[in-house]
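Please work from the sequences and hints to get the whole structure.
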Amino acid sequence: MGRAVTVATCALNQWALDFEGNLERIIRSIDIAKSKGARYRLGPELEICGYGCLDHYYESDTVLHSFQVLAKLLESPATQDIICDVGMPVLHRNVRYNCRVIFLNKKILLIRPKISLANAGNYRELRWFAPWNKARHVEEYFLPRIIQEVTGQETVPFGDAVLATKDTCLGSEICEELWAPNSPHIEMGLDGVEIFTNSSGSHHVLRKAHTRVDLVNSATAKNGGIYILANQKGCDGDRLYYDGCAMVSMNGETVAQGSQFSLEDVEVLVATLDLEDVRSYRAEISSRNLAASKVNPYPRVKVNFALSCSDDVAVPTCTPIQWRHHSPEEEISLGPACWLWDYLRRSKQAGFLLPLSGGIDSSATACIVYSMCHQVCLAVKNGSAGVLSDARRIVNDDAYIPEDPREFCKRVFTTCYMASENSSQDTCNRAKLLAEQIGSYHINLNIDAAVKAIVGIFSMVTGHTPRFSVFGGSSRENLALQNVQARIRMVLAYLLAQLSLWTRGMPGGLLVLGSANVDESLRGYLTKYDCSSADINPIGGISKTDLKNFIQYCIENFQLTALRSIMSAPPTAELEPLVDGQVAQTDEADMGMTYAELSIYGKLRKIAKVGPYSMFCKLINMWKEICTPREVASKVKHFFRMYSVNRHKMTTLTPSYHAENYSPDDNRFDLRPFLYNTTWSWQFRCIDEQVN
1 MGRAVTVATC
11 ALNQWALDFE
21 GNLERIIRSI
31 DIAKSKGARY
41 RLGPELEICG
51 YGCLDHYYES
61 DTVLHSFQVL
71 AKLLESPATQ
81 DIICDVGMPV
91 LHRNVRYNCR
101 VIFLNKKILL
111 IRPKISLANA
121 GNYRELRWFA
131 PWNKARHVEE
141 YFLPRIIQEV
151 TGQETVPFGD
161 AVLATKDTCL
171 GSEICEELWA
181 PNSPHIEMGL
191 DGVEIFTNSS
201 GSHHVLRKAH
211 TRVDLVNSAT
221 AKNGGIYILA
231 NQKGCDGDRL
241 YYDGCAMVSM
251 NGETVAQGSQ
261 FSLEDVEVLV
271 ATLDLEDVRS
281 YRAEISSRNL
291 AASKVNPYPR
301 VKVNFALSCS
311 DDVAVPTCTP
321 IQWRHHSPEE
331 EISLGPACWL
341 WDYLRRSKQA
351 GFLLPLSGGI
361 DSSATACIVY
371 SMCHQVCLAV
381 KNGSAGVLSD
391 ARRIVNDDAY
401 IPEDPREFCK
411 RVFTTCYMAS
421 ENSSQDTCNR
431 AKLLAEQIGS
441 YHINLNIDAA
451 VKAIVGIFSM
461 VTGHTPRFSV
471 FGGSSRENLA
481 LQNVQARIRM
491 VLAYLLAQLS
501 LWTRGMPGGL
511 LVLGSANVDE
521 SLRGYLTKYD
531 CSSADINPIG
541 GISKTDLKNF
551 IQYCIENFQL
561 TALRSIMSAP
571 PTAELEPLVD
581 GQVAQTDEAD
591 MGMTYAELSI
601 YGKLRKIAKV
611 GPYSMFCKLI
621 NMWKEICTPR
631 EVASKVKHFF
641 RMYSVNRHKM
651 TTLTPSYHAE
661 NYSPDDNRFD
671 LRPFLYNTTW
681 SWQFRCIDEQ
691 VN
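According to full-length UniProt numbering, the residues represented by the sequence shown are 1 to 692, in order.
A couple of the hints might just be wrong.
[Said to hold, decoys possible] Below 30 angstroms or equal to it, Euclidean Cα-Cα: the simulated DSSO-like pairs (lysine-lysine) are:
1) Lys72 / Lys166
2) Lys166 / Lys134
3) Lys432 / Lys528
4) Lys637 / Lys609
5) Lys452 / Lys528
6) Lys302 / Lys166
7) Lys34 / Lys381
8) Lys107 / Lys166
9) Lys208 / Lys166
10) Lys294 / Lys222
11) Lys72 / Lys107
[Unchecked claim] Restraint ranges, calculated between C-beta atoms of paired labels, are given here:
12) Met506 / Ser389: 15 to 21 angstroms
13) Arg630 / Glu330: 38 to 44 angstroms
14) Asp590 / Ser568: 18 to 24 angstroms
15) Val95 / Trp682: 26 to 32 angstroms
Derived from the structure by calculation, the hints contain no laboratory data.
Positions of the beta carbon are idealized from the N, C-alpha and C atoms, including for glycine.
Okay, here's the thing in structure tokens:
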């Protein structure tokens, strides 16, 4: 009778403007879907060109090449006898839309434009696309000649419609539409659509995955139905990591779950589900049935094809499963590690170089690289030919097989401890021991000669010699001398990255890794153009609190005992002279605030969207047990002064993995001025009035 439908969804590691590679991955996913018996295949949002094309969407070439890829897909034997649902930009009547192109056996069935565009946080879809505002309206779309020659069609339906196959009805959502308060699946479900599809370009944020899962499950809990979600995965060319999590849900419960973090470029999830389960679930929801009787119907595109077989009584169907969520520490271990691997292999470099100071931040960065090495060895052990091929190319050895993470780490990861007269033996020992335990190629050097040379040039030119404050110097001299050390380390890091492999008789160069965390960036507690200046930074979107928890996770899961002493030591820049051989300078004393306080300021400033006055109002209640209103006022003023004085540093911040919604990243997530009136006179006066 035809009741068991077999559908496939994908997580693809697409790359912006890599039309060749994107086509290959799409065809591979269709092949896998068909081999597992699927009759419908869903892919991620804008998968043909890659989601992160940004202003390349303005170029007519991007649309042209997308149609060329579509022609290849239509012609491919792989796409026969399966409904294929792919994403690409389409220009309709000189307006650019973010679309799904759904086709079967060399015929385009429907082009469905996106209705609700993502335009918050990292998303800027309204910059490049227009939303389709004509609800339940379909127009004729005139196909370009390269497609007409393949399909024999001159025009196809374009707009807000659903597909009616022989056995069921399918309706499309695109990413943001699931998150919108008036999601299309509500009305579509009332109009008899039984299968909802969602093609996403959704990136990773710590602790976000459960929100997406809950939204998908709730979409069918109230209304019944099958919900299929596809998502991009990997780094497609910028700060974001798309975290897969392809899934299938039915009647409010997850029935198939894809991985969130993986080095595989193509992951296909196939599920067989009983349509009668949807129909019986809906039958007893009287409120739904009453609403359905009044719904405004969708245009239906009839498809002479079935997602089920006529004799499928014995076909096994999927049953509900429990979604397994990663802990935040696991997410930090896996997400940035996968992002680093994508960046390394796609940039065609030979590895990473990290200035390793023996503190929490650089140690956490080193642990993420070590986790990447673990993931590579595990993927190769599980038979990943793609990962093995990339690893061999990176280490320049066609016979190499990465089996031991420490051995692989030695080949692709160089760490460097850059001592000065202000460095303690403790941090030197910690860095060396951690490098030994993870297996990195470790370099110890001293920068004092370079510092003396730079300061000597200054003294020769000006006739003045700056001194640290402990030796009677002013705060200006003290800060300048710290900055010289920090900037020399950056220069040396890049020199080593370019030539250290050359000195070892090996080809290629290294990517320099930065290790400034999100809290320090927000406060501006870093030297502009110091070791925070690098090629990429895997921890730049992660708070100090989360990094400490991640370090503890690494102690327990990677048996990195060197991290215990790093965890227990107070964070310090080690840029001021030692006192009796011991570190006297600490980060929190320098900043005038704790990392715990900074984390709260960051969340209130960005997520709660408060200015100085509203932050004060919130904190006098949050901190009423520990601070007087006057103390709260002083803390808030100090934070905003330091934030505004240092905001200019965000304009040169190293590209960082986006992991937190309170990131101060100036590129496109947190758009602020970088020249402030740092007195905040009006705002601070409002606070003072409340204190009084």
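Exercise for the section: Could you tell me which of the numbered hints above are not met by this structure, giving the numbers in increasing order? Expected result: Of the numbered hints given earlier, those the structure breaks are 9 and 15, listed in rising order.
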